[in-house]
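Enquirer: The chain contents come next:
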Amino acid sequence: MSFLTHSEADRREMLAAVGVSSVRDLYGDIPASLILDDPLPLPDPLSEWEATSLVSGHAARNAELVCFAGAGIYDHHVPAAADHVLRRSEFYTAYTPYQPEVSQGTLQSIYEFQTMVCELTGLDVANASMYDGATATAEAVLMALSVTRRREILLAGHLHPHYRQVVRTYTQGLDVSLLSVGPGESGTVEEKALDVTDATACVVVQSPNALGLIEELSPLADRIHDAGALLVCAVADPVSLALIRPPGEQGADVVAGEGQPFGNTPNFGGPVVGLFAARKKLIRKMPGRIVGATDDTEGRRGYVLTLQAREQQIRRERATSNICTNQGLNALAATLHLAMLGREGLRQVAETSVQNAHYAAARILELDGFELLYPDTPFVREFAVRTPEDPRAILSRGLERGLLAGVRLGRFPDLETPDGLLLAFTEKRTRAEIDRLVDVLAGR
Amino acid sequence: MSRIPFPFLGPTTPTIFERSRPGRSGTSVPRPDVPTRPLEELIPARHLRASPPRLPEVPEHEAVRHYTEISLKNHHVDRALYPLGSCTMKYNPKVNEQMARLGGFAGLHPFTPVDVAQGALGLMHELGDMLGEIAGMDAVTLQPAAGAQGELTGVLLMRAYHQSRGDVQRRRVLIPDSAHGTNPATVALAGFEVSELKSNEAGRLSVKALREALDERVAGLMLTNPNTLGVFESAILEISELVHEAGGLMYMDGANLNALTGIARPGDMGYDIVHFNLHKTFSTPHGGGGPGAGPVAVMSHLEPFLPMPTVKSEDGVLSLDWDRPQSIGRVHGFYGNFGVLVRAYTFIRMLGQSGLREMAEAAVLNNAYLSARLESCFPLPYGRGMHESVFSGAELKKKTGVKTLDVAKRLLDYGFHAPTVYFPLIVAEAMLIEPTETETKEELDRYADALLSIAAEAESDPELVTGAPHATPVRRLDEGRAGRELDVRWSFPEG
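Residue numbers (the working numbering), protein chains in the order written: chain A, 1 to 444; chain B, 1001 to 1495.
Calculated directly from the structure, the hints in this document are not laboratory data.
Just so you know, not all the hints are guaranteed correct.
[As the list claims (entries may be wrong)] Quick look at which bits of chain A chain B covers, simulated, 3 or more residues with Cβ under 8 Å: (1) 53-64; (2) 95-101; (3) 145-152; (4) 158-166; (5) 183-197; (6) 321-328.
All values derive from a computational prediction rather than experimental measurement.
Glycine included, every Cβ here is placed at the ideal spot set by N, Cα and C.
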């Protein structure tokens, strides 16, 4: 099946208007030796029904599990109404709002998204989105390098290992050093361990960190600011922001995070939505699209892309970033979900997740051989446990019972932890499911 | 000649925050059914925020009405032609949306053990193979989330390749002056230097300028093909040979691949690296600014450097390959925009080998036809392009004072989207029009008629055009003021 519309008669008429006899005449600029004689070795076309069967077959070979995995992607409910609006082709078949007069829907929704991100993070300004939490963190590091003109980056030991890897990828061509600040006994960054110097561009701390632990940012912020560096807070679990003191209030200059739990299904890790917020004085150094309000010639409020002189389409090699297409529709999904949840709804999502996690932790700690990696440090809705047996055996038992029993810590050598499981809880998990998880862990 | 006008929409839609009233809520959330404890016993009070984020408080139907109302102010592909040059705004088949939402895909956690994620990995592996065939290249990464990230991946691959050979002095990347802004921005991001090459009078890369620029410091050439004027770089074989002889690599920005699929392959042209834009060529929706996907195909000498993990197939069993010591590393938190890959896979399987070629042919035919209809009025300084053409409004401006920007705004009154304007930078008053293959002859005629009518208006009643748009949800917006008096988030009233 194809999506072409020309009849043979149309084609003839159009070719005649162009003044050529066949479509191949339009390819005259391509050297003949490059024109393929044979069709590509690809499968034959399929009807819509055949394609649906084929693709559904692929989907069916993926297990649909009761999910206790997190580590940056969380299994939250997406309201039917949010997905319904997201399917409006007015939104999803439009592009970057280059003509604002006919893109007010997209622009206004981004303005609302920016406001919500500011509210969640406690910062002044936010952009229209980044690819994901990991790349948002990398862009925050690049921004800090540019703002401070310094060459050292300090990464917390319990930064999400994938975020760390993406930061490494993004900075490999630059003359900069990536240094680590290891966790203290609490599993979090301690002020005394911070070796911030006049070469430090920024310190990147994730909270809750990769093991789910809440970091104390305020004491770090003072020390970092005294040295003239920026504090970048990475947020891999934005639901925590409903309850926890926002990073902006604790002195973070930039929040780079993941917004997936708002309105976006896990999607095997993408598409999701990177969040980027900063203090107002940094706005001209920010990457990505920013929407601002203004008036039209008749004095009506409207929205436009603003501060475009930062961007690649104007500034080219001096742009703040190379990003162009971002994650617009995923940002809209987040906006829709947050608008429908409202203050109380988001708090309830977070609180149910927290209660589920703490109930589970208490039950798991009753089992022989299980202990929290950091029993004295508060967590929100995700925690790491040591297991008395190889976590792979537990995960296999879980699969037999229809559970994804967490994420194996051994996947993340960068974290330098003993092997074990990282377990996450959302508002979707029930007591019965959690009890089943406990049985799986116990080998019952 | 005009398309459906925008409905009357009233002056301004308030923000969702202005619709908020305390105590309203738009969705129900499960209460915990486990034994609960007060929050302060679970999380010390010093960590808790003093007041909740000020999210709007609206019932579900109010939220739906709000976003439905603002959606009606968007031009979009399902409404009418959206011929943004270099963006390939083609129709987005609806079945793709259904497929991406299947529970086995949408609900799949990225840390699901691979033995129960074989369907996802299988789809990725097969898509990678098909993209490799389309490119005529040996290996593919699906990880980049958009074209610009594909470019970054490509430039980092160049860097890794040269470093592996001890060629550390190769830090200069050649880019023609007609290139997308993402090309130079990406090169700078990767820590390399940009050298801009002038285009020749035919709008192509000047082979002479290339020869002069090539030396032992050149890492490679980034060359869109067909280039941003829509013109095929017909000296491509000579260009590739020169770059390779000088020790550089050839990078193709695949933004314009819609002209070539099934017709000619970047690999045969001598390119070493190409990125795809699945949201352009392979019909995945542009989403108001993403998500896209920017897979990168490479020749075998670059394969060891691809981002990790890659998808590996052994005896029909799929796995993720992390053992890639020369890899440039990860470019995405997980495996890229998987949901976009599902849509592109569905599209490619439906079109199949014959459909992909017909797609390119129809895109080229549509552009040729539209160009033929317009060129008497809007000159083509570099001639007709393949899948897109760049017209100049310079003559019209000289004659009537009406600028390309005015023509673009007036098109909105006719119910169409404007072309890409003022790009490429090397054409005065540029209008880059890309109709794509999914437009009927009648729609192309309506668009041509609208543009010709606007040209006539520019002579008879220029103020009608310079004052446009008149019939859109808002009139021309003061962009200067938006930049001077920054208002980038809703300000809540005090108290």
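Enquirer: Now tell me, hint by hint, if it's right for this structure.
Expert: Hint check results:
1. Counting residues of the region 53-64 of chain A whose C-beta lies closer than 8 Å to any C-beta of chain B gives 11; at least three are required, and the coverage claim holds.
2. Using a Cβ-Cβ cut-off of 8 Å, 7 residues of the region 95-101 of chain A lie near chain B, which meets the minimum of three, so the contact claim holds.
3. Evaluation of the coverage hint for the region 145-152 of chain A: breached, as 0 residues show C-beta separations to chain B shorter than 8 Å, against a requirement of three.
4. Only residues whose beta carbon comes within less than 8 Å of a beta carbon in chain B count, and the region 158-166 of chain A has 5; three or more means the coverage holds.
5. Counting residues of the region 183-197 of chain A whose beta carbon lies closer than 8 Å to any beta carbon of chain B gives 0, which falls below the threshold of three, so the coverage claim is violated.
6. For the region 321-328 of chain A, the proposed coverage by chain B is satisfied: 8 residues have a C-beta within less than 8 Å of a C-beta in that chain, meeting the threshold of three.
Going down the numbered hints, you'll see the structure goes against 3, 5, while the others check out.
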